[in-house]
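J.: Going down the list, the sequences are from chains A and B.
For the first sequence, numbering that gives the first Met the number 0 gives the first residue as 0, with consecutive numbering after it.
For the second sequence, numbering that gives the first Met the number 0 gives the first residue as 0, with consecutive numbering after it.
Be careful, since some hints might not be right.
[Said to hold, decoys possible] Listed next, with one range per pair, are the computed distances between beta-carbon atoms:
{"no.": "1", "chain 1": "A", "residue 1": "Lys134", "chain 2": "B", "residue 2": "Glu585", "range": "40 to 48 angstroms"}
{"no.": "2", "chain 1": "B", "residue 1": "Gly524", "chain 2": "A", "residue 2": "Arg42", "range": "43 to 51 angstroms"}
{"no.": "3", "chain 1": "B", "residue 1": "Pro653", "chain 2": "A", "residue 2": "Asn197", "range": "51 to 59 angstroms"}
{"no.": "4", "chain 1": "A", "residue 1": "Lys99", "chain 2": "B", "residue 2": "Phe516", "range": "50 to 58 angstroms"}
{"no.": "5", "chain 1": "A", "residue 1": "Ser184", "chain 2": "B", "residue 2": "Tyr618", "range": "42 to 50 angstroms"}
{"no.": "6", "chain 1": "B", "residue 1": "Asn519", "chain 2": "A", "residue 2": "Ser82", "range": "42 to 50 angstroms"}
{"no.": "7", "chain 1": "A", "residue 1": "Pro165", "chain 2": "B", "residue 2": "Met202", "range": "33 to 41 angstroms"}
{"no.": "8", "chain 1": "B", "residue 1": "Gln617", "chain 2": "A", "residue 2": "Leu28", "range": "49 to 57 angstroms"}
{"no.": "9", "chain 1": "B", "residue 1": "Glu596", "chain 2": "A", "residue 2": "Glu109", "range": "27 to 35 angstroms"}
{"no.": "10", "chain 1": "B", "residue 1": "Lys436", "chain 2": "A", "residue 2": "Lys134", "range": "50 to 58 angstroms"}
{"no.": "11", "chain 1": "A", "residue 1": "Pro165", "chain 2": "B", "residue 2": "Asn224", "range": "17 to 25 angstroms"}
{"no.": "12", "chain 1": "A", "residue 1": "Leu28", "chain 2": "B", "residue 2": "Val586", "range": "48 to 56 angstroms"}
{"no.": "13", "chain 1": "A", "residue 1": "Glu90", "chain 2": "B", "residue 2": "Phe316", "range": "45 to 53 angstroms"}
[What the hints assert, rightly or not] Calculated lysine-lysine pairs in the PhoX-like style (CA-CA distance at most 20 angstroms, straight line):
{"no.": "14", "chain 1": "A", "residue 1": "Lys255", "chain 2": "B", "residue 2": "Lys453"}
{"no.": "15", "chain 1": "B", "residue 1": "Lys453", "chain 2": "A", "residue 2": "Lys160"}
{"no.": "16", "chain 1": "B", "residue 1": "Lys650", "chain 2": "A", "residue 2": "Lys99"}
{"no.": "17", "chain 1": "B", "residue 1": "Lys452", "chain 2": "A", "residue 2": "Lys222"}
{"no.": "18", "chain 1": "A", "residue 1": "Lys160", "chain 2": "B", "residue 2": "Lys256"}
{"no.": "19", "chain 1": "A", "residue 1": "Lys222", "chain 2": "B", "residue 2": "Lys453"}
What the hints contain is simulated information worked out from the structure, not anything from laboratory work.
All values derive from a computational prediction rather than experimental measurement.
We treat Cβ as the ideally placed atom computed from N, Cα and C, and that holds for glycine.
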Amino acid sequence: MDAESLLLSLELASGSGQGLSPDRRASLLTSLMLVKRDYRYDRVLFWGRILGLVADYYIAQGLSEDQLAPRKTLYSLNCMEWSLLPPATEEMAMQTSVVKGRFMGDPSHEYEHTQLQKVHKGEKVFEEEVVVQIKEETRLVSIIDQIDKAVAVIPRGALFKTPFGPIHVNRTFEGLSLSEAKKLSSYFHFREPVELKNKTLLEKADLDPSLDFLDSLEHDIPKGSWSIQMERGNALVVLRSLLWPGLTFYHAPRTKNCGYIYVGTVNLVCSVLLLPLISTSIWYPGSEERTTELEEPALKQVAEGWNVLMREMMVGGNGSGR
Amino acid sequence: MEDLTSLKQEKENEEPEETGQPWQEMAASSQDPEPGLSEPRESEQRPETGSQPRSSPPQSPHSRASTALGDLTGPGTPSPPSFPQESFSTPSLPALARQDIGSPWQSDTTTNVIPEAGTVHSGHLEQSSDKGELTPHQTCQSEGNTFQQSQQTKHHVHGPKDVSYNNSKQKELRFDIFREEDSNSNADLDQPEPGASEVPPSMLEIAIQNAKAYLLKTSSKSGLNTYDHLSNMLSKILDEHPENVVDIIENISQDVKMAHFSKKLDTLQDECEMLPIYEIAEKQKALFLQGNLEGADQELEDEIAETSLPNVMESAFYFEQAGVGLGTDETYRIFLALKQLTDTHPIQRCRFWGKILGLEMNYIVAEVEFREGEDEEELEEEDVTEERDNGNSDADEDELPKSFYKAPQAIPKEESRTGANKYVYFVCNEPGRPWVKLPSVTPAQIVIARKIKKFFTGRLDTPIVSYPPFPGNESNYLRAQIARISAGTHVSPLGFYQFGEEEGEEEEEVEGGRESFEENPDFEGVRVIDLVESLSNWVHHVQHILPQGRCNWFNPIQKSEEEEEEEDEEKEEEEKGEEPDYIEQEVGPPLLTPISEDLEIQNIPPWTTRLSSHLIPQYAVAVLRSNLWPGACAFSNGKKFENFYIGWGHKYSPDSYTPPAPPSIYQEYPSGPEITEMDDPSVEEEQAFRAAQEAAVLPAEENEETEEEEDEEDDYD
């Protein structure tokens, strides 16, 4: 959500129950203003809040003139002093993917993870346990990046692409119409497009190059990973991500007000939980002729792993002779 | 001033000249078919051949004018002007433009339109177009001669034609007139040209060119330019003819810009789309009016005296300090909805329990306690219907083979007002919509609900498709989750509640913890700092749910004995032998146990305490957040406390949820010699068998021949 319209935005997003206390709100309004000046950002977004066990991280993002350029991420523990986070890298994501559980609320906290590493000694290969220490700050960077890439949302038309390439805020954006607001296809991922390049020419034919330059939520995998609701009669549309519970996107149709906020414990919901929503048939005894309807390889792996597990248990069950 | 502009002019000319060339040719070719206009052509040729340095300016403006034309007709512009029209109209327009201003016999539309168009121009253009008329006549005599002559000749040549043009092509007119700027500028540029070889162009014209060049500047952000935008605006105005244009000119400007980003959609729009807004507003209006309906003062006093309504707004205020809770507006609507609930039902105590998010709609949950003896009827009815269902299913299954599987005895649900069914819960999707009472929870539902994880949809009658199968639909699942969340997260400061001093208390204690508690009238409050620093100052005031699914342990064996006694005493003994003699009683922590004794979740503490504000700690409240049930939260300012839940209704688990594996398959039959398939005997074996049989039978046959015959007869009967 835009830092400038923070109060209104929080009010609109309050349906998910995660607001800010008055003192936090007041300090954010003050400090983000200074952040904007000091870092010379074009726009400052209040990104959200990651709930830790000891303290919470408050996250803000700075945008440059080109809205889709890599965003600078800042965090703060007291909403006043902001520190800049380094940009996320692939390596970080790999490194932190082993860490589970909640954040502590202390950026210098180190998670310990034991890994098996192969050590060559002469001709023999030993497996040794190596303790890897991962800083919470690294995990924070990586998690924010993951959430941003997975579920940051912007309505269609709020940004437009100029013929020269940079992406600007569409000053004439007056909000989605009611019928558009109810469709997932009217919302885009607020990140560099990934799926767009894989589209066929036929699919691209209807796209407006100045507006449809991002991936829409419509074809998100797994299907049904968004809950779209009309609240307050039809005066507010709220999208909640089921993949990252805690992310709320709000938009008041026919107004410019839109934005997203993440307030949560950083707990990725496993795709299996969403499986019943995506009309999948899971293997069970005597159903081998049935195939899964999954499209994404990652999901297939999950389902296959699940199937293997069940088969093993079947075999174990028969063996025991009960 | 003039010198400055001319300098600028020359600078600017250098660039467009190159780009202008192709367009120049285009314009020239398009003008060719027009017989009366030879000047433009001459003017173009003249600068090229002319030796005077002064002659270069006229060329470039012209070329620029034509570029403007080109821009307008280019693919980038939204209004689709067609080339043929233009080639026809543009050359004639110079003349038309002259006439528009000077001649009164023009049709209304044109006269109306042109002054408007003129006013929309920036100050430069307006001035210059006016001056273009006036100054040559009056001030610049030297120029004036040739200028006026050419003008007049034009009048004569094109006058009649233009009239016919106006009459016949009314439609195109509108289109063409907004192009009047172009034509104007064309005209302005063209006219001095006959004399250009003799007289230098006035500074005025250069100023016009400057202004126009400025307007044609493309924005570096959006790629638009003012000139095109203005002409688009004018065309829109002329197309649509709105009333009082000047009042809405800003909006028109915005609409034109927005048109770049919107596809041309169907003009039919659903008006009924707005209906849900009105519908919910209508419903909520009833909430606001409910106070007025009961007008009597007497009632009002009574109401204030003994109200079951909680002060939702006060708790909401404290929760806001804690950084949780719904918006003020929504809370107030819920407050009103709760009032409606307490007014329409015999409710002794009511509480806003929280909100559960769903996929399509959300649930607002109210926790109520009925007044003594007023909720019994409904519960009995439910039981009756359940029994009926069982009877029907038995009748249907009569003809089918019966399964020998005997389900373990179902654990009966707890009576209302006890254990997990202590309170009754009402839910509604949105304040103003009807409150629906949730059915009471059964132990089986709680047990299964622990094993599954489902998102709520928002519709109570949704079937829960899960493994292990859940007994009931979403309303049952919701009720089970509410029971679990309440049991896990409802806490109060130590000392706020105390055990009731009733008779027979000791007996209860022996059986498994006391059930009842009451508010401690002597409660003096706990310091907020203590609440934050020590978890032992918080206690659970909702009973722990045992693994069995009940709060008070139920012994399945004992119960079965009682039932069997009524039916058959002998059977009882047999069954008793089959079942284990003794099941260990499940014991949970007693009521009002400090939360510091809660178990950790894989090294994660189950609760997080916080002071709501570190800036002004004197007046801050203690905030307690559950890590086991994300979304559950409690506050206390030392004396008051409240619990609240908002979330998806899911328990936290560090590992991703995996559904339990199905149980192993039952064996179909005991394998033994009777059923095992054997190899067919070979011929040799058969013969050997027969020989052996015959050998054995023959001696006997002789003795008992008569009997055998009888036997055979029997067989063949």
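J.: Against each hint, give a clear statement of whether it holds in the structure.
T.: Status of the hints after comparison with the structure:
{"no.": "1", "hint": "A/Lys134 - B/Glu585: 40 to 48 angstroms", "result": "holds, 44 angstroms"}
{"no.": "2", "hint": "B/Gly524 - A/Arg42: 43 to 51 angstroms", "result": "holds, 47 angstroms"}
{"no.": "3", "hint": "B/Pro653 - A/Asn197: 51 to 59 angstroms", "result": "violated, 35 angstroms"}
{"no.": "4", "hint": "A/Lys99 - B/Phe516: 50 to 58 angstroms", "result": "violated, 38 angstroms"}
{"no.": "5", "hint": "A/Ser184 - B/Tyr618: 42 to 50 angstroms", "result": "holds, 49 angstroms"}
{"no.": "6", "hint": "B/Asn519 - A/Ser82: 42 to 50 angstroms", "result": "holds, 47 angstroms"}
{"no.": "7", "hint": "A/Pro165 - B/Met202: 33 to 41 angstroms", "result": "holds, 40 angstroms"}
{"no.": "8", "hint": "B/Gln617 - A/Leu28: 49 to 57 angstroms", "result": "violated, 23 angstroms"}
{"no.": "9", "hint": "B/Glu596 - A/Glu109: 27 to 35 angstroms", "result": "holds, 29 angstroms"}
{"no.": "10", "hint": "B/Lys436 - A/Lys134: 50 to 58 angstroms", "result": "holds, 52 angstroms"}
{"no.": "11", "hint": "A/Pro165 - B/Asn224: 17 to 25 angstroms", "result": "holds, 18 angstroms"}
{"no.": "12", "hint": "A/Leu28 - B/Val586: 48 to 56 angstroms", "result": "holds, 52 angstroms"}
{"no.": "13", "hint": "A/Glu90 - B/Phe316: 45 to 53 angstroms", "result": "holds, 47 angstroms"}
{"no.": "14", "hint": "A/Lys255 - B/Lys453", "result": "violated, 34 angstroms"}
{"no.": "15", "hint": "B/Lys453 - A/Lys160", "result": "violated, 40 angstroms"}
{"no.": "16", "hint": "B/Lys650 - A/Lys99", "result": "holds, 16 angstroms"}
{"no.": "17", "hint": "B/Lys452 - A/Lys222", "result": "holds, 18 angstroms"}
{"no.": "18", "hint": "A/Lys160 - B/Lys256", "result": "holds, 14 angstroms"}
{"no.": "19", "hint": "A/Lys222 - B/Lys453", "result": "holds, 16 angstroms"}
Comparing the model with each earlier hint shows violations of hints 3, 4, 8, 14 and 15; every other hint is respected.
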